[in-house]
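Student: Sequence:
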Amino acid sequence: MSTIVEACESKTNTTPEFPMGWYSVARSHELQIGEVKRVHAFDREFALYRTRSGAAVLQDAYCPHLGAHLGVDGRVIGESLRCPFHGWRFDTTGNCVEIPYCDEIPERAKIRTWHTREQNNEVYIWFHPQNLAPKWDLPLLGELDDEKWTAPRYAEFEVPAHIQDIAENSCDPVHFQYVHRQPDVPPSEVTIDEDGRTLHLRADASQSDFPHQLHAMVLNPGLAVVRTSYGPEAEMLVYNSAQPIDKHTTLLRWTLSVRREIEDLAGDDVMKGIIAGIGDDYPIWANKVHKHRPVFCREDKSLVMFRKWVRQFYIDVREVS
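Taking my numbering, the leading residue of the sequence shown gets 627, the next gets one more, and so forth.
To be clear, the hints were calculated from the coordinates, so they are not data collected in a lab. Errors might be hidden in some of the hints.
To be verified - Okay, derived cross-link-like pairs now, DMTMM-like style, lysine to aspartate or glutamate, Cα gap no bigger than 20 Å in a straight line:
| # | residue 1 | residue 2 |
| --- | --- | --- |
| 1 | K873 | D821 |
| 2 | K927 | D830 |
| 3 | K774 | D890 |
| 4 | K898 | D942 |
| 5 | K914 | D835 |
| 6 | K774 | D895 |
| 7 | K637 | E744 |
| 8 | K917 | E889 |
| 9 | K927 | D819 |
| 10 | K774 | E859 |
| 11 | K774 | D872 |
| 12 | K736 | E724 |
| 13 | K663 | E744 |
| 14 | K873 | E724 |
| 15 | K914 | E733 |
| 16 | K663 | E632 |
| 17 | K873 | E744 |
| 18 | K761 | D821 |
| 19 | K774 | E889 |
| 20 | K898 | E784 |
| 21 | K914 | E632 |
| 22 | K934 | E784 |
| 23 | K917 | D895 |
| 24 | K761 | E820 |
| 25 | K927 | E820 |
| 26 | K914 | E820 |
| 27 | K927 | D798 |
| 28 | K934 | E643 |
Claimed, not checked - With beta-carbon atoms standing in for the labels, derived distance ranges:
| # | residue 1 | residue 2 | range |
| --- | --- | --- | --- |
| 29 | C728 | A912 | 21 to 31 Å |
| 30 | T641 | E733 | 31 to 41 Å |
| 31 | Y940 | A777 | 29 to 39 Å |
| 32 | E730 | P920 | 50 to 60 Å |
| 33 | R886 | P809 | 27 to 37 Å |
Everything numeric in this text was worked out from a predicted model, so none of it was measured. Built from N, CA and C at the ideal position, the CB exists for glycine as well.
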């Protein structure tokens, strides 16, 4: 009896859940005091606002009263957010502190507040499927405030891919030859810190036509710092902080800077080249499926290491009592 050919993977494939970690939800300059924004991330709706004291707050979007979206026409009142529908007001912890037409506030009049932090000129959410407290700190990028480095250049890309598939590029030196048309694959090494959390890729392309050395540091899927050295005082920083919109779509936020010594000589061209390079990756990401059990070859050591490392960021809530 003949075996029926299974359905195409484009119809049956599933992507992973959202990994825990720090993720960007806005640039700091995009959120002014008293401003309220609608944010869609992790397949959820949020209300993001900045209080009168300057604190950035991220909360679940829907008012527990009748479900109005607090991020759409909600209003900042001091250190609280007022619902546009009936004026219910919620503080930065998510508790309702005022119902203008009723003195008694129901006990269930609350909204979920998410752990946020502002650093490196961005507003971040700590995402955990149980909304538990952060387990590690954000990196502090001293280059962004160093007068020896150029003012940050920003770029954003919406990519139709899961956050893990994008992060996996950091440990895939071979793809640079075939996707980005580099002449060869430079010697590279992937290591993991002793605590098991931070992954590093170091590549030595000092013998290439455009000599350089690269160090990519990945703190969690969607948060990576890439430093490239072309020689003494000839360096570039690329910082990727992503916002998973849903399981199939990711917004990449890139921050780029170079040493001022090469700003006029080659800095602009180098940064433009890096930004343009994502156009090479886009067709791959947009048309691939996520392989839960990929077939690796013997030389895929760095990819195997990445797949083992990334497991720590997934929490199966069904197994938590």
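Student: Compare the structure with each hint and give your call.
Tutor: Structure-based check of each hint:
Note on K873 and D821: the hinted pairing is violated, with a Cα-Cα distance of about 28 Å set against a maximum of 20 Å. At most 20 Å may separate the alpha-carbon atoms for a hinted pair to count; K927 and D830 meet this at roughly 17 Å. Between K774 and D890 the CA atoms are separated by roughly 13 Å; this keeps the pair inside 20 Å, and the hint holds. With a C-alpha separation of about 40 Å, the suggested pair K898 and D942 falls outside the 20 Å cut-off, and the hint is violated.
Our distance criterion of 20 Å between C-alpha atoms is broken by K914 and D835, whose separation comes to about 31 Å. Restraint check for K774 and D895: the C-alpha separation of about 18 Å stays at or below 20 Å, so the hint holds. With a C-alpha separation of about 40 Å, the suggested pairing of K637 with E744 is violated against the 20 Å cut-off. The straight-line distance between the Cα atoms of K917 and E889 is roughly 41 Å, outside the 20 Å bound, and the hint therefore fails.
Using a Cα cut-off of 20 Å, the hinted pair K927 and D819 holds, with the two alpha carbons roughly 17 Å apart. Restraint check for K774 and E859: the C-alpha separation of about 9 Å stays at or below 20 Å, so the hint holds. For the given pair, K774 sits about 38 Å from D872 by alpha-carbon distance, which is inconsistent with the 20 Å threshold. For the hint linking K736 to E724, the alpha-carbon distance of about 11 Å falls within 20 Å, and the restraint holds.
With a CA separation close to 16 Å, the supplied pair K663 and E744 stays within the 20 Å bound. The suggested pairing of K873 with E724 is violated, with an alpha-carbon distance near 36 Å, which exceeds 20 Å. Simply put, K914 and E733 have alpha-carbon atoms about 48 Å apart, too far for the 20 Å limit, and the pair is violated. With a CA separation close to 45 Å, the supplied pair K663 and E632 exceeds the 20 Å bound.
For a cut-off of 20 Å, the pair hint linking K873 to E744 is broken: about 25 Å separates their Cα positions. Taking the CA atoms of K761 and D821, the gap is near 12 Å; set against the 20 Å cutoff, the hint holds. Using a Cα cut-off of 20 Å, the hinted pair K774 and E889 holds, with the two alpha carbons roughly 10 Å apart. At roughly 18 Å between alpha-carbon atoms, K898 and E784 fall within 20 Å of each other, so this suggested pair holds.
For the hint linking K914 to E632, the alpha-carbon distance of about 18 Å falls within 20 Å, and the restraint holds. A C-alpha spacing of about 27 Å is found between K934 and E784, which places the hinted pair above 20 Å, so the restraint is violated. Between K917 and D895, the direct Cα distance comes to roughly 36 Å. Violation of the 20 Å bound is thereby established for this hinted pair. Between K761 and E820 the alpha-carbon distance is near 16 Å, which keeps this suggested pair within the 20 Å criterion.
Distance check on the hinted pair: K927 and E820 sit about 18 Å apart at the alpha-carbon level, within 20 Å; holds. Among the hinted pairs, K914 with E820 is inconsistent with the structure: their alpha-carbon atoms are about 33 Å apart, more than 20 Å. Restraint check for K927 and D798: the C-alpha separation of about 9 Å stays at or below 20 Å, so the hint holds. A hinted pair counts as satisfied when its Cα atoms are at most 20 Å apart, and K934 with E643 qualifies at roughly 16 Å.
Between C728 and A912, the C-beta spacing of about 51 Å breaks the proposed range 21 to 31 Å. Range check, T641 to E733: Cβ separation about 38 Å, and the 31 to 41 Å hint holds. Taking the beta carbon of each, Y940 and A777 are about 37 Å apart, inside 29 to 39 Å as hinted. At about 58 Å, the CB distance of E730 to P920 agrees with the hint of 50 to 60 Å.
Taking the beta carbon of each, R886 and P809 are about 30 Å apart, inside 27 to 37 Å as hinted.
Hint compliance for this structure: hints 1, 4, 5, 7, 8, 11, 14, 15, 16, 17, 22, 23, 26, 29 are not met, and every other hint is.
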